[in-house]
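Protein sequence lines, in the order shown, are assigned to chains S and C. Following the numbering used here, the numbering of the first sequence begins with 1 at its first residue and continues without gaps. Following the numbering used here, the numbering of the second sequence begins with 67 at its first residue and continues without gaps.
Hints may be right or wrong, so weigh each one.
Calculated cross-link-like contacts (lysine-lysine; reagent style DSS-like; alpha-carbon spacing at most 25 Å) [as the list claims (entries may be wrong)]: (1) K188(C) - K216(C); (2) K137(C) - K66(S); (3) K66(S) - K114(C); (4) K188(C) - K114(C); (5) K137(C) - K127(C); (6) K135(C) - K66(S); (7) K127(C) - K216(C); (8) K192(C) - K66(S); (9) K137(C) - K116(C); (10) K205(C) - K246(C); (11) K116(C) - K192(C); (12) K66(S) - K116(C); (13) K66(S) - K188(C); (14) K66(S) - K113(C); (15) K188(C) - K113(C); (16) K267(C) - K246(C); (17) K216(C) - K192(C); (18) K116(C) - K188(C); (19) K192(C) - K137(C); (20) K267(C) - K114(C); (21) K188(C) - K135(C).
Derived from the structure by calculation, the hints contain no laboratory data.
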Amino acid sequence: MKNKFLKTTLVLLSSVAIFYSCQKDAAKNEANILINLNEPHTAVIYFTDHQTPVFDSVFIDMQRLK
Amino acid sequence: MKLEDDSLPNSGWVNMNIRPGIINILRFRNGLDTLLATGTLPNARLKKIKLILGIQNSVMKNGQSFPLKIKDEDREVIVSLDINNFEIINGGSVMFWIDFDAGNSIRVDNSGSGNNNGYRLKSHIKIFSHSNSGRIEGKVLPLAADPIIKAVIGTDTATAIPDDDDGEFKIVGLTAGTYKVIIDGQNGYSDTLIQNVIVSKREDSHLPLIRLRR
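Here chain S stands alone, though its shape is the one from the complex (with noise of 0.2 Å):
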């Protein structure tokens, strides 16, 4: 009784692991399927701003993105 007790609850703990590590592996876009994140993706990166009033321009030397 004891054992099937334990085999029970260790079944269930690997079936939560598996779950969770399935779910990391993957997202949904914004039309809501579901995307595989292991696989070889384009990357678009965008810039802007919160501003300040202190200052009329802030120039800042972009030199790298990685």
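Fit chain C to the supplied structure of chain S, relying on the hints for placement.
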């Protein structure tokens, strides 16, 4: 960007295509943005992003130029990423925005002697995507009030300055929640406070027309 798989070349760091150069970041206000970089990633399990700055930084204040000094250790700006910071658009591209907080990134340089030491840069940037953030927009009149708009939640403040031509403003990249919006009037115009502005993911919260009075 650094990806989760450390077995990748360069410990998972991937170079993005960027056109190096000096840009006036205050051009990108009221929701305006510019394409900064593109690239190809072996996977989309993003862990970190690293922005590397040069030393040719400066500011203009009241028509006068000042150097914006940067320490060597501050030239690399590293921010952690997780799935909540970016979106994957139809077609499979990873997309996100780098939001440079100009107000919090620049301090008066108190090193050395004298009062004209210029300013120092220690960059504060935030990463957001449109699908995981919200926006507040509105219009403040009269234009002569030159207001500063602040959206405040907890200890976080996001700032906007309305357009010179029509008084419209937009604050993007806001975490969902309940904000208070402070309209800081200048030139003798009084301030206004709007409480309980609810910001939801993917949505624009439109404020009614705000008229400041002397």
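Q | Hints violated by the structure (listed by number, smallest first) | A | none
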